[in-house]
Amino acid sequence: MSLTVPNDLLDQARAGEVDDAAFLACVRDSLPYAWSLISELVKQREHSGAEFADNQVPPPSEEARGQLLRCLASDSMRGALERHYGVRLAFQNCHRVAVFDPGATKALSDFVTPRAQILNQKPELVDC
Numbered sequence: 001m002s003l004t005v006p007n008d009l010l011d012q013a014r015a016g017e018v019d020d021a022a023f024l025a026c027v028r029d030s031l032p033y034a035w036s037l038i039s040e041l042v043k044q045r046e047h048s049g050a051e052f053a054d055n056q057v058p059p060p061s062e063e064a065r066g067q068l069l070r071c072l073a074s075d076s077m078r079g080a081l082e083r084h085y086g087v088r089l090a091f092q093n094c095h096r097v098a099v100f101d102p103g104a105t106k107a108l109s110d111f112v113t114p115r116a117q118i119l120n121q122k123p124e125l126v127d128c
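Just so you know, we're using my numbering here: the sequence shown kicks off at 1 and counts up by one.
Source of the hints: derived by calculation from the structure; they are not laboratory data.
Cβ atoms here follow ideal geometry from the backbone N, Cα and C, with glycine treated the same way.
A couple of the hints might just be wrong.
[Said to hold, decoys possible] Label pairs and their computed distance ranges (CB to CB):
#1 Glu40 / Gly66: 14 to 22 Å
#2 Thr4 / Glu62: 13 to 21 Å
#3 Ala25 / Pro60: 19 to 27 Å
[As the list claims (entries may be wrong)] Taking lysine to any residue and the SDA-like style, the derived pairs with C-alpha atoms no more than 20 Å apart in a straight line are:
#4 Lys106 / Gly86
#5 Lys106 / Asp54
#6 Lys106 / Glu51
#7 Lys43 / Pro59
#8 Lys106 / Arg96
#9 Lys43 / Leu24
#10 Lys106 / Ser48
#11 Lys43 / Gly86
#12 Lys43 / Arg83
#13 Lys43 / Arg88
#14 Lys43 / Gln56
#15 Lys106 / Ile118
#16 Lys43 / Ala25
#17 Lys43 / Phe91
#18 Lys43 / Arg96
#19 Lys106 / Arg88
#20 Lys106 / Asn55
#21 Lys43 / Tyr85
#22 Lys43 / Gly79
#23 Lys43 / Asp101
#24 Lys43 / Ala90
#25 Lys106 / Ala50
#26 Lys43 / Tyr33
#27 Lys106 / Ala53
#28 Lys43 / Pro32
#29 Lys43 / Leu72
#30 Lys106 / Gln92
#31 Lys43 / Val57
#32 Lys106 / Phe91
#33 Lys43 / Ala107
#34 Lys43 / His84
Please construct the entire structure, taking both the sequences and the accompanying hints into account.
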C-alpha cells in the first residue's frame, strides 16, 4: 500500500474532493523518506539558485527505496508535491530524483532524455 490513510481523510474523499493540504500531510506521514529527500532537494535548489538539484545517493534501505518509487510513480502525489513546492520533479533509476525550477524547461528536457537515462546507468544500479 502506498499511503496510510487516516479515517477522516478517507471520509473526506468519499464525500468529494480532497484538499492538497490534507493529501500532502498523508504523503508526508506515510512516506517520510521520500518527503524529506524531496524537501531537502527543494531547499538545496532554492539556496543555490541553480536550475535544478538532484540526489545521487541510493536510499539507505529497501523500505526507503520503496517510498521513493511509490511517491514518484503516482501522478497525484507527484502533482501535489510540485504544486506545494512550486517545482517540477523528474526521476531516473531507483533514487535519482531531481527538483527543477518551473522555468528550467531546457534543463528538465535534457534530464529526461533517453541519452541522460543511458548515461546515468551504473553497474551497481542494475538491481535498483
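Hints, one by one, checked against the model:
no.	hint	in the structure
1	Glu40 / Gly66: 14 to 22 Å	19 Å, holds
2	Thr4 / Glu62: 13 to 21 Å	18 Å, holds
3	Ala25 / Pro60: 19 to 27 Å	24 Å, holds
4	Lys106 / Gly86	17 Å, holds
5	Lys106 / Asp54	15 Å, holds
6	Lys106 / Glu51	9 Å, holds
7	Lys43 / Pro59	19 Å, holds
8	Lys106 / Arg96	18 Å, holds
9	Lys43 / Leu24	18 Å, holds
10	Lys106 / Ser48	18 Å, holds
11	Lys43 / Gly86	12 Å, holds
12	Lys43 / Arg83	15 Å, holds
13	Lys43 / Arg88	14 Å, holds
14	Lys43 / Gln56	16 Å, holds
15	Lys106 / Ile118	18 Å, holds
16	Lys43 / Ala25	19 Å, holds
17	Lys43 / Phe91	18 Å, holds
18	Lys43 / Arg96	16 Å, holds
19	Lys106 / Arg88	12 Å, holds
20	Lys106 / Asn55	19 Å, holds
21	Lys43 / Tyr85	10 Å, holds
22	Lys43 / Gly79	18 Å, holds
23	Lys43 / Asp101	12 Å, holds
24	Lys43 / Ala90	16 Å, holds
25	Lys106 / Ala50	13 Å, holds
26	Lys43 / Tyr33	15 Å, holds
27	Lys106 / Ala53	14 Å, holds
28	Lys43 / Pro32	16 Å, holds
29	Lys43 / Leu72	18 Å, holds
30	Lys106 / Gln92	17 Å, holds
31	Lys43 / Val57	17 Å, holds
32	Lys106 / Phe91	16 Å, holds
33	Lys43 / Ala107	18 Å, holds
34	Lys43 / His84	13 Å, holds
Against the hints set out earlier in the document, no violation occurs for any number.
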